[in-house]
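Read top to bottom, the protein sequences are chains A and B. All letters in the first sequence, in the order written, are residues 1 to 502 by the working numbering. All letters in the second sequence, in the order written, are residues 1 to 337 by the working numbering.
Be a bit skeptical, because a hint or two may be false.
Said to hold, decoys possible - Cut-off 25 Å, straight-line C-alpha distance, at most; resulting in silico cross-link-like pairs (DSS-like, lysine-lysine):
#1 A:363 with B:203
#2 B:226 with A:363
#3 A:226 with A:191
#4 A:377 with B:226
#5 A:420 with A:449
#6 A:50 with A:191
#7 B:226 with A:420
#8 A:363 with A:377
#9 A:50 with A:162
#10 A:320 with B:226
#11 A:74 with A:162
#12 A:420 with A:363
#13 B:203 with A:377
#14 A:50 with A:74
#15 A:80 with A:191
#16 A:189 with A:226
#17 A:377 with A:390
#18 A:162 with A:191
#19 B:226 with A:368
#20 A:162 with A:189
#21 A:50 with A:226
#22 A:50 with A:80
#23 A:420 with A:320
#24 B:203 with A:368
Said to hold, decoys possible - Covered stretches of chain A (in silico footprint by chain B; criterion: 3 or more residues with CB under 8 Å from a CB of chain B, positions within the stretch not fixed):
#25 318-329
#26 336-349
These are calculated hints, taken from the structure and not from any lab test. Note that CB positions come from ideal geometry on N, CA and C, so glycine has one too.
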Amino acid sequence: MEGVPILEVRNISKRFGGVRALDRVNFAVMPNEIHALLGENGAGKSTLMKIISGAYQKDAGEILVNGRPVEITKPLDAIKLGIAIIYQDLNLIPDLTVAENIFFGRLPHRGLLHTIDVSRIREAARELLSEINADIDPAAVVGDLTVADRQLVAIARALSFKPRLLIMDEPTASLSDHEVRVLFDVMRKLKSENAGVVFISHHLDEIFEVADRVTVLRDGQYVGTKPITEVDRETVVHMMVGRRVDTLYPKVHEPDPEGDVVLEVEGLSLGRRLRDISFNLRRGEILGISGLVGAGRSELLQCIFGEISFTSGSIRLEGKEVRFSSPNEAVASGIALVPEDRGEEGLHLEMTVRENITLPHLKRFFDKLRINRDAEKEVSNSLIERLAIKTPDSEQLVAFLSGGNQQKVAIAKWLVSEPKVLMLDEPTKGVDVGAKSEIHRLMSQLASKGVGIIMVSSDLPEVLGMSDRVLVMSDGVITAEFTRAEATADRIMMAATSGGVA
Amino acid sequence: MKTERQVGIDGSGVGMGTANASGKSSKLLEFSKQLGPTFALIVLCIVAGILSPVFFTMSNLMNIVLQVSIIAVIAAGMTFVILTGGIDLSVGSILGLTGVLLAGIFKATDSVFLAAVASIVIGGLLGLVNGVLVSYGNVPPFCATLGVMAMARGLAFVYTKGSPISSFPRQLRFFGSAYIGAVPVPVIEAILIFIAAWYILTKTPLGRSIYAIGSNEQAARLSGIKTDFYKVLVYVISGILTGFAALMFVGRINSAHPLAGQGYELDAIAAVVIGGTSLSGGQGSIAGTFLGALIMGVIRNALNLLNVDAYWQQVVIGAVIVAAVLMDWRSKKQRTA
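Kindly produce the complete structure, drawing on both the sequences and the hints.
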């Protein structure tokens with residue numbers, strides 16, 4: 001890797017109040033390179049990328065582009081220097097069309113009234129989209145697209161700037177396998193055009209497949225940069241966590257195959273989105289539900305939880321037929337749901353750890369005409385300890401915790417009293433390796449206490465490692481069921497892509 | 001309840017919150033959050049005292065709290081609504097309609113008891129209409145309460161054919177113009193209502209749920225909070241308190257006019273916002289609203305003492321509201337940066 005880096009940062013530091021987010025970090029991207037940036041949640045990857053793209057200001061350090069020192073004080077500066085970034089949350093405007101989103105901020109006008117030249121941007125958008133093999137109508141409204149398609153629109157938008165350096169912050173989190181391939185092709189094409197790509201991902205497989213070098217950050221500090229050929233998974237994980245992760249999937253408990261059935265779902269349908277779903281869940285069993293994004297897995301959980309009203313079918317909890325018209329009834333019956341999107345749905349980021357944990361159980365703490373705050377603290381503190389949640393105390397705002405610790409709080413709020421059924425939607429999405437194994441250990445522990453667990457996950461190793469039984473969904477139907485012994489990655493992927501034909 | 005929230009709203013709290021937010025330091029932050037409005041109030045009083053020797057007389061101070069008490073009671077209810085992320089534009093009209101109806105009921109029955117109960121029931125029912133529209137009808141709060149605002153005002157005119165109902169006996173006027181010792185009854189009523197509101201918002205599941213809904217409604221729903229029910233309830237509370245304010249109002253001026261309470265919604269919202277409660281919900285406190293109402297009262301009073309033209313007073317109050325919202329917006333921006 002010779003020559004002048006497209007981008008180099010030296011000794012970058014950044015504080016947020018009392019938290020040191022970055023401490024003298026170095027990082028360089030060469031032309032003709034795909035550079036993976038790794039680190040646990042909270043390691044400082046996103047902060048570093050936001051400084052490079054002008055969204056945040058650095059406190060100290062230098063940024064060099066093509067060997068020249070530059071100041072990047074706003075996003076426009078970065079764009080002018082040929083740096084494009086795709087954020088985790090995509091930053092698209094849902095009410096505008098695909099074409100308008102791609103060219104937003106640079107929409108060409110014509111005529112006296114300065115009307116937007118619609119046909120021109122649609123044509124240009126079509127070209128950009130075809131370059132990345134995306135079959136998306138430029139006239140479609142972004143809000144109507146699937147998450148995966150939105151991701152592709154964001155990529156097209158970034159490419160429209162003809163960047164010399166493209167930064168992608170966890171672009172594959174919501175993509176199916178096929179779309180990940182397309183994305184990798186885009187990255188390789190950029191690379192072949194002598195550009196640089198920075199790729200942030202939690203999926204080590206992807207990184208080993210596509211990256212040329214990796215840089216690892218830990219707790220805001222630079223750990224090191226290595227060519228991918230000189231490292232293996234173990235070394236990388238070790239660099240990230242600074243400790244050996246011995247058992248990634250600690251499965252300690254085998255459920256009784258003759259155990260009591262706690263939840264029975266029979267013939268559940270929701271229009272075209274879910275069709276004739278039937279399964280049982282036993283006490284102490286972890287039931288994994290696998291499938292591609294959009295297969296209807298989250299909708300199934302929401303139907304059981306009373307968040308969505310299903311069209312036909314029945315649900316029995318401990319033998320009694322139930323139909324919840326809203327989540328509060330499900331909660332009262334001992335069903336818990338940890339939703340996929342913890343920031344939007346699972347947590348109150350601007351409330352404290354204690355307030356989040358006790359929210360589903362306020363009645364229990366209402367004693368002598370007031371909420372007993374000491375009792376709340378006691379319960380919160382014991383859960384903080386039990387789940388090893390890293391927080392100064394129970395009065396910390398959840399917004400200040402790292403992703404993994406936030407997820408632990410989102411789970412902890414359902415453990416004040418043990419639920420009968422715990423449903424987890426992507427329980428370790430965007431969670432760092434350490435917290436991930438702790439969450440898995442907790443799931444095993446709960447199962448051994450008799451809690452029935454339904455785990456929706458797109459993470460195949462997680463499904464294989466944690467589930468006693470695996471259901472595979474595709475296109476709104478269950479296409480396969482495997483016991484733990486039968487389940488393999490190949491079989492699950494086959495069933496997941498079988499397109500609704502059982 | 002307030003404690004923790006303040007950590008986030010105050011940009012400087014970020015560091016403290018993460019590094020060593022023990023119970024003590026968050027108490028301190030709670031205090032510092034209330035410090036803004038408190039400081040503003042003290043400065044205003046000192047300035048007013050310097051400009052007018054009359055300001056610090058007992059009778060003038062009592063006059064301020066008396067004048068503030070009706071708006072303060074409405075603002076207490078408004079705080080519940082705004083904390084859920086809603087808004088209630090109908091309070092002024094509810095005051096007007098409830099006022100003429102309770103006056104009519106009193107004239108027909110001669111019963112102070114019935115009139116007092118009616119004021120609360122009518123206010124509560126109008127609030128129920130707001131709440132059901134917002135919660136179950138999914139009408140945006142701004143539109144729902146704007147509609148009820150127009151309807152209630154219209155009904156007040158329909159009922160009275162435009163002319164006020166006047167002259168009531170001392171017993172009915174008790175709520176608005178009696179004194180216990182040297183203290184006006186409306187002031188006592190307002191203080192009791194604020195204590196009750198403070199208790200509900202900080203000590204009960206109802207209060208916690210209201211903050212949770214304002215902070216993230218979907219997460220509150222998925223936590224098993226009956227969000228629809230609580231959203232109705234806050235408008236009912238706002239209506240009941242406004243109904244009671246109507247009773248105070250009629251007692252105070254000894255007349256029920258269909259135009260009564262016009263523009264009160266803006267004063268009440270202003271008191272809430274000046275007190276530091278966020279219009280987007282989830283953040284704020286009833287103590288802040290109390291201070292906000294006093295700040296408005298002191299400004300009005302001082303301008304009166306200085307013989308400032310009533311039209312100019314409007315301009316000043318408007319500027320204060322804008323300044324308060326601006327500060328709220330700035331602290332938000334700091335937080336997200």
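Consistency of the hints with the structure:
no., hint, result
1, A:363 with B:203, "holds (12 Å)"
2, B:226 with A:363, "holds (12 Å)"
3, A:226 with A:191, "holds (18 Å)"
4, A:377 with B:226, "holds (24 Å)"
5, A:420 with A:449, "holds (10 Å)"
6, A:50 with A:191, "holds (22 Å)"
7, B:226 with A:420, "holds (21 Å)"
8, A:363 with A:377, "holds (15 Å)"
9, A:50 with A:162, "holds (19 Å)"
10, A:320 with B:226, "holds (23 Å)"
11, A:74 with A:162, "holds (19 Å)"
12, A:420 with A:363, "holds (19 Å)"
13, B:203 with A:377, "holds (14 Å)"
14, A:50 with A:74, "holds (10 Å)"
15, A:80 with A:191, "holds (20 Å)"
16, A:189 with A:226, "holds (22 Å)"
17, A:377 with A:390, "holds (16 Å)"
18, A:162 with A:191, "holds (12 Å)"
19, B:226 with A:368, "holds (22 Å)"
20, A:162 with A:189, "holds (12 Å)"
21, A:50 with A:226, "holds (23 Å)"
22, A:50 with A:80, "holds (16 Å)"
23, A:420 with A:320, "holds (13 Å)"
24, B:203 with A:368, "holds (11 Å)"
25, 318-329, "holds (count 3)"
26, 336-349, "holds (count 8)"
Comparing the model with each numbered hint stated earlier shows that all of them hold.
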